[in-house]
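Generate coordinates for the entire structure from the input sequences, incorporating the hints supplied.
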Amino acid sequence: MGIEIVLNILRFVVLLGLQILVLNQVEISGFLNPYLYVLFILALPIETPRAIVLILAFITGLTMDVFSDTLGIHTTACLWVALLRPAMIKLISPREGFEFYFKPTLGYLGLPKYLLYAGILVFVHHFVLFFLEFFRFDELPRMLLKIVASSVFTLILIFISQQFFSKGKSGQ
Amino acid sequence: MNNLINFLIRSWFFILFLFLQIGALVLLFSNNSYHSASYFNSANAISGRVYETQSEITDYFTLKSANADLAEENARLRSNLPSAFEITDRKFFVKNDTIFAQKYSYTNAKIINNSTNRRNNYITLNKGSLQGIQPKMGVISPNGIVGVVKDVSPNYATVLSFLHKAVKVSAKIRKNGYFGSLVWEGGNPDFGYLKDIPSYVKLVKGDTIVTTSYSDIFPEDIMVGVVESLDEKPNDSFHNIRVKLSTNFTTLSYVYVIKDVTRSERDSLENKTIKAVEKDDNGN
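Chains as they are written, first to last, in the numbering used here: chain A, 1 to 172; chain B, 1 to 284.
Any given hint could be a false lead.
What the hints assert, rightly or not - If we take Cβ atoms under 8 angstroms as the criterion, some of the chain B residues that face chain A in the derived model are:
id: 1; residue: Ser11
id: 2; residue: Phe13
id: 3; residue: Ile15
id: 4; residue: Gln21
id: 5; residue: Ser47
These aren't lab readings, by the way, just hints derived from the structure by calculation.
Note that CB positions come from ideal geometry on N, CA and C, so glycine has one too.
The structure is reproduced here in structure tokens:
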């Protein structure tokens with residue numbers, strides 16, 4: 001349990017550092033803004049109390065907002081991910097229930113279930129985020145294109161990073 | 001009983017969500033005005049330091065284009081030096097300092113954080129209130145306009161980039177003086193749109209767009225860009241002019257912050273007029 005907390009703090013620092021210092025600075029196209037940091041909320045242990053997930057999501061979003069001058073936008077998007085996470089976990093859970101401290105990762109869940117879990121939550125996050133960023137209806141097609149393109153890109157990054165993480169885990 | 005407890009636990013989760021969500025929305029809406037919640041932005045001490053350290057490393061990659069810009073500007077300024085002019089007729093040469101009062105003063109600043117790929121882009125500068133930067137000052141680059149200062153902390157400042165949906169710049173066509181407002185509609189950071197120019201005004205590709213004297217943020221005749229094309233809609237009484245911006249936002253590194261020395265006088269006079277008119281309206 002102690003080591004789990006240390007691991008999650010480490011993951012928070014690495015993912016937000018990567019997001020702020022690298023991904024936010026990379027300019028591929030106006031339609032591709034990947035937000036890999038949301039993986040921090042997705043990868044919290046399944047047994048984490050929902051209220052703790054909410055508070056951690058709030059802190060994560062606020063940190064992103066401070067660094068990108070978008071006060072409230074990332075915070076709201078993260079809160080929605082935390083709100084819907086329990087329902088998504090229910091959707092992917094096996095009938096006999098999870099073992100304690102089971103982690104929602106690609107290695108544990110397998111591709112179809114993980115794609116369902118991460119896909120929906122990333123889409124919700126990006127939808128809320130870009131909706132609040134644009135906040136006008138005359139740019140709706142551009143907004144939708146950006147939501148879909150960026151969600152797909154974020155998912156690809158999540159899968160790549162899961163490959164890295166799961167290699168270390170599968171040996172145990 | 002179990003159901004009741006379950007319901008309470010469930011609703012407590014939702015109440016906590018609502019509580020945090022309201023907090024986030026308060027932050028979101030307070031961020032839309034100037035002078036607000038200035039601790040929660042990239043000008044605060046921690047994030048300012050992080051971005052400054054990062055920029056110390058990444059600056060090496062843009063040194064080449066920054067040098068080119070500065071050298072070009074030096075050449076332009078050098079051509080304005082007294083030594084670059086020859087006095088042709090001494091008889092009419094009058095110099096009187098009381099005629100020319102200083103209206104604008106400039107201070108240079110370095111960009112330590114910048115983006116161009118979002119709908120609303122912000123810039124962080126390495127100077128703040130201790131160096132005389134104040135909210136609502138204009139920011140320009142050697143090539144053209146950049147944005148408007150939003151918040152300041154003692155050592156850093158955040159700038160609303162021109163690439164932001166809240167920024168409108170009063171701009172005119174240099175050759176005939178027709179003015180409108182220049183906005184960025186998202187997408188490509190190289191192009192903006194000039195609105196409100198009547199459709200009977202004749203324009204050609206390459207016409208120069210500069211700032212007007214109406215704005216209290218930028219001095220008059222600062223370069224903005226050139227006409228790229230006219231995206232017309234039928235039966236519209238205004239042009240929709242696509243403007244190639246002269247500032248290259250993707251390689252910006254050094255900028256100038258403009259202080260309008262007469263700003264407070266102008267503001268108080270304009271506010272007085274507005275208040276007087278409102279009073280009249282109420283009286284009727």
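Going down the list of hints, with the structure as the test:
For Ser11/B, the shortest C-beta to C-beta distance to chain A is roughly 12 angstroms, which exceeds 8 angstroms, and the interface hint is violated. Residue-level restraint check for Phe13/B holds (minimum Cβ-Cβ distance to chain A is 5 angstroms; threshold 8 angstroms). At its closest, the beta carbon of Ile15/B sits 10 angstroms from a beta carbon of chain A; the interface hint therefore is violated under the 8 angstroms criterion. For Gln21/B, the suggested interface contact is upheld, since its CB lies about 5 angstroms from the closest CB of chain A, less than 8 angstroms.
Of the supplied interface hints, the one on Ser47/B holds, with its beta-carbon coming within about 5 angstroms of a beta-carbon of chain A, less than 8 angstroms.
In the structure shown, a violation is registered for the earlier hints numbered 1, 3, in ascending order.
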